[in-house]
Amino acid sequence: MNKFIQDFLTSAESSILGKTKETKLALCCFLSHGHLLIEDVPGMGKTTFAKTLARLLDLSFARIQFTNDLMPSDLIGIQIFDAKEAKFNLIHGPVFHQFILADELNRGTPKTQSALLEAMEEKQVTLDGQTIELPHPFFVVATQNPRSQIGTHHLPESQLDRFMMKIKIGYPENHYEKQIISSDIHAENYNKLQPVINSTTLADLYQSVKNITVSDKLLDYVVALLEQSRINSSFQGLSPRAGKDIIKAAKAWAFIHGRDFVLPDDVQDILPSVISHRVAPFQNQSFTQDQELSQMLIKTVKVD
Amino acid sequence: MKLKFITAAIIAINVLMLSQDIPINVIVFTIAGLALSFLVSGKKLRIFFKIALLIGSFVLLRFHFKTLLVTESAVSFALILSSLKFWELDEERDHFNMFLILALCECSVFLINPLFFIFIFGMAKMIFYFYYILKIRNYDISALNYKRLLLLVFPSIALSLLLFYTFPRFTSGFINTSEMQYIISGGNSKIDFKELGPLSLSTESAFKVYGLEESNLPFKILYWRSSVLWQMSNGEWRSFNNNLKEKNQTVPLGKLKYDIELFPTYKEYMPVLDGSSSIVSASQNFNSYSDGSFRLKTISRGSLTYSAVGDYGVRPLAFSSLMEKKGLSLKSERSEEIRTNYFSKATNSASDEARLKELIQIFKAKEFEYTTAPPMYASLEDFLISGKGGYCSHFAAAFTYLARLYNLPSRMVVGYLGGEFNPYDGSVLVKEMDAHAWVEIYIKEKGWIKIDPTALVAPERITMSTEEFNNRLNPYITILNFQISRDTFKFSALNDFSLWIDSLNSKFNNNIFNFDRDKQLAVLRSITPGKMSVGWIFSLSLIIFMFIFWAIYYFYGKSKSDPEIKRYNRFIKKMNSYGLVKAPHETISTFRDRCLHSIPQESNMIESEVAHYINNFYK
Amino acid sequence: MFESIKNYFYNKISASRAVHRTYIIPTLDGLKVIALNATLLVIGLVYANNYVLLFNFILFCLFLGSMFYTHFNLSGIKLESVQFPSLHVNENGTALLHFSTKNAQGHSFIRAYFKSSIIEISDEKSTFPIHFGHSTTASLSIKGIKRGKEKIQSLYIETQFPFNFFRCFTFFRIDQECYTYPERVNFNIHEELEIVETSTDEGDDFFLRDYQTGDSLKRVDWKKLAQTNRWYTRQYQSAKPKPILLVLDKTPVEDTLKSICFSLHALHHQNIKYGIKLKHDVLISPENSPKHLNHCLIELARYET
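Taken in order, these protein sequences are the chains called A, B and C. Each residue of the first sequence is one higher than the one before, starting from 1 at the first, in my numbering. Each residue of the second sequence is one higher than the one before, starting from 1 at the first, in my numbering. Each residue of the third sequence is one higher than the one before, starting from 1 at the first, in my numbering.
Since the hints were derived computationally from the structure, they do not count as laboratory data. Hints are supplied without guarantee of correctness; some may be wrong.
Said to hold, decoys possible - Cβ-to-Cβ under 8 Å is the rule here; a few derived chain C residues that face chain A:
no.	residue
1	Q83
2	T94
3	H131
4	Q176
To be verified - Listed next, with one range per pair, are the computed distances between beta-carbon atoms:
no.	chain 1	residue 1	chain 2	residue 2	range
5	C	A104	B	G579	41 to 47 Å
6	B	L3	C	I34	55 to 61 Å
7	C	Y113	B	G579	43 to 49 Å
Here a beta-carbon is modelled for each residue, glycine too, at the ideal position from N, C-alpha and C.
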């Protein structure tokens, strides 16, 4: 396993107790240039989780709290007329940071949501006819309350597709929960965290992930998964973009586990997170049901 | 529309091929059927015309029935039927029915013209037609990929040959056609040179054709035992008088092939050779007899090709007193008249040889002329006294007469002279026009010697074949008052090609067409152990071939598996034997972990196998 | 040892039982060929003509060979899944059939069909190929003919390739529930019952959609009309339009069902909540989602007069 990855995971462990898999998934998403959506009920540590990630990655960080009255211009920025110099100045919004935490994304209005999602997809924003490139790397972690909660605008499927992964933090295990509620040690740990991965190592990591081998047989397996999702009427068919994301995430996952080739196990590990928000046929399905669907998909496809 | 055109073309070809053997009325009906289908439109009118044509054809066939064989009636009906079916070629089903009727027509062509290339041509026509039917069915012909097509066609042809050779032939035929009346409608009574008739026929009528009847002859013609075609020396046939088409050609000891015109009145034929001979094959089915003659199973008109081999080592019997008596017998009332006419100045020397020389001089002095169109002579004596023009049989008969009169035992021989050597199958093709007659005379010092009186009269006739001689007499072919030289029709390449086709044809005749019950039994007995009945062999070979067919497709359809995949499958099987079954969705690594957990003692093997697999497929 | 051999054979036999059965019978063309063969055999024997016999045998062997070929063309096919779309009467749809094959050479000119009183196949003659190596999707264009619900029990596939002498067929149990919804016709005869009245057409939170007859004039975007000379309606996000209940109470039941069906689709596209009430039997409360539309349509399909 790569030294940086090792450091990253151990440091994260000190702040987020017992959530190694989720941390790995988040890192995997990050390494494969994707964006992450965290969905869970309030109080599960979504924000802490995201903040920890931001702290460990040496990137410029911005946090946007989505509310009903948040407007796109609050996000992207605005042109202000400078009377002294008699010209427009561009005031950059929070979207021009490398690591963005979009808190409670589904409480924003669709208009604002779309502005962010557009930026995520294009990696650039357009302001008054002027196209401005976003910094690289650009990583968005959005948190979201479950859809059933009041006062939320849930994201349409087409926009959900732009998130590479959707994960759930979940309740901690008993002995971890005991630690969490008994002391504030993890909060202290959070403050002590030092960045592990900086931009130079990051470039190396990206390069290594890119060089991971994907065999023909594995591609066949992924294609079979996609096809099955389209054939079986209990799923909503997966798009080719989903297939691309699966391969990307599986490569990063293999890299995190110190391999230079992808195994079907990698695909099976990341699959529920990558497709859970894409396969559900109707929106009013709960998260656990999504996960079950993904497992069902895995179980119906033969792998050698 | 294209298919309609093809259909019409095939029917027209059939009509052309059968045009010599079926009445002109039937042909007219068929052509009318084709033409009217294009001209008549309107449903009711079409039905009316069709019924009228059908009734008309029945009446026609009834009218012709007395003069036609059953075969020919059936052939005529099939032909008319095909032209009537031609009226309704709208759906694909109609086309298939048309195909069936055309196949029947094709078979009728085979019945009448049993020739190898007609068979091949017929097969080609049917395959072509079937191909178009498939096209109509909207099959993309390219989907019938050629590899799979070969898998269909080659075993099919092999099986059909096997079935053909093993199919039990119960009888030589259900209907005895020999008893039927056979009259050629519109037969030609005029005799020209080419239709001089088969020499190997029974004597009388053969000589009728020549203008002489054997009953009128004062002696018997010895035609069936010998020929002077070629003499054998040192195991090679050497052409007598060098009258093979290619000069100085020696013919290896091989079979002789005869190509003669068939006459409907006769069934029995003889190969003409020196020594005892037997027939090998013929383009008609035949039974052969111990004396070397053979008899056709069915009567048919047209040409007959047969090959014969002879045991040339067997020489004719030595001279006996009986033979001398027979060789000298002469029942002629006008013999004295002839004697005074010919032998008044004869010296009648003692030795046979001297007398023969004298006879030759006398014969030469008479100054006969060779012609292919002699006047009719009432008898041989008439020819001897007043005749001038004649051809070989006249001269041979006259010379025999004179020799007997002059006390030399002699006999007239009828056979062939010349021929064409076919290098492709090492045979010599002897044609009708190579027929010849000559004389054998017994001389005490030398035995039977051959004398050709025609050579005395017209030596050029003997140094070249009759065909060439005829060409020399008439060097031009007259077409619409234009005289065209015969040389313009001679292409050596074309001739070679026709020889090649001919050799192919005779091979086909030997192996396929003349394969009858006796041959089949002989072949099957020789290759099967014990006395297995033909029926058993047939059904056994059918079953075996069905199995082969199945096996071919079975192995063709199996996917070829990679050795690595085989190794993997072996590993999975081995794990199965430990009770560990890999779930379909289970990945190889999880399966490995499970295996390691339950059978730690095999860990080395499991680790290495899985690592090998992963190396091969995922790295 | 004997035990293992016994087990081996037992497994083989049970495996062969699991294999799909294929049936092969000669077609009318095939029977005609047999008749022609018999005729030619008699002719060949009677006239002792070997050419006729040989021709006959070649035809016969091609006939036999085509039997194997045809069977080969259908062997080893497995139906992975079927997907029947739900249809409206007189509307076309496509059923998707997913096949896989064990036959390494693939198959061509396969025809699929099924027996149903509510759905018919549009093009009876259409055929498709199946390739080896990956599952092949064949689409079968179908058409609704009658309103109703039916369970399609088996799916037949057959082939007559290459010479149409034999017809090889097999069937798969699919037990597929199919619904055919009523035709979509706007007779405007059913009653629309509006239940809830909530409308505050204010705020910026709207998007524009094409004007449809019946939209309130208050909601027309007049500015846009002036600019583009086209009619647009403002669709407010926060203020949902009134839910509508479609009621069946008129006598020409079939026509009313068709009309309701039409309205359901129209309402669904306009994102308006709707419910249905069919006489006293069925009542579905207003909602707007694809699932709900499906639910309503199924009720319409299975409604018995």
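Now the hints, each set against the structure:
no., hint, in the structure
1, Q83, "holds, 6 Å"
2, T94, "violated, 13 Å"
3, H131, "violated, 14 Å"
4, Q176, "violated, 10 Å"
5, C/A104 with B/G579: 41 to 47 Å, "violated, 32 Å"
6, B/L3 with C/I34: 55 to 61 Å, "violated, 24 Å"
7, C/Y113 with B/G579: 43 to 49 Å, "holds, 44 Å"
Of the numbered hints listed earlier, those contradicted by the structure are 2, 3, 4, 5, 6.
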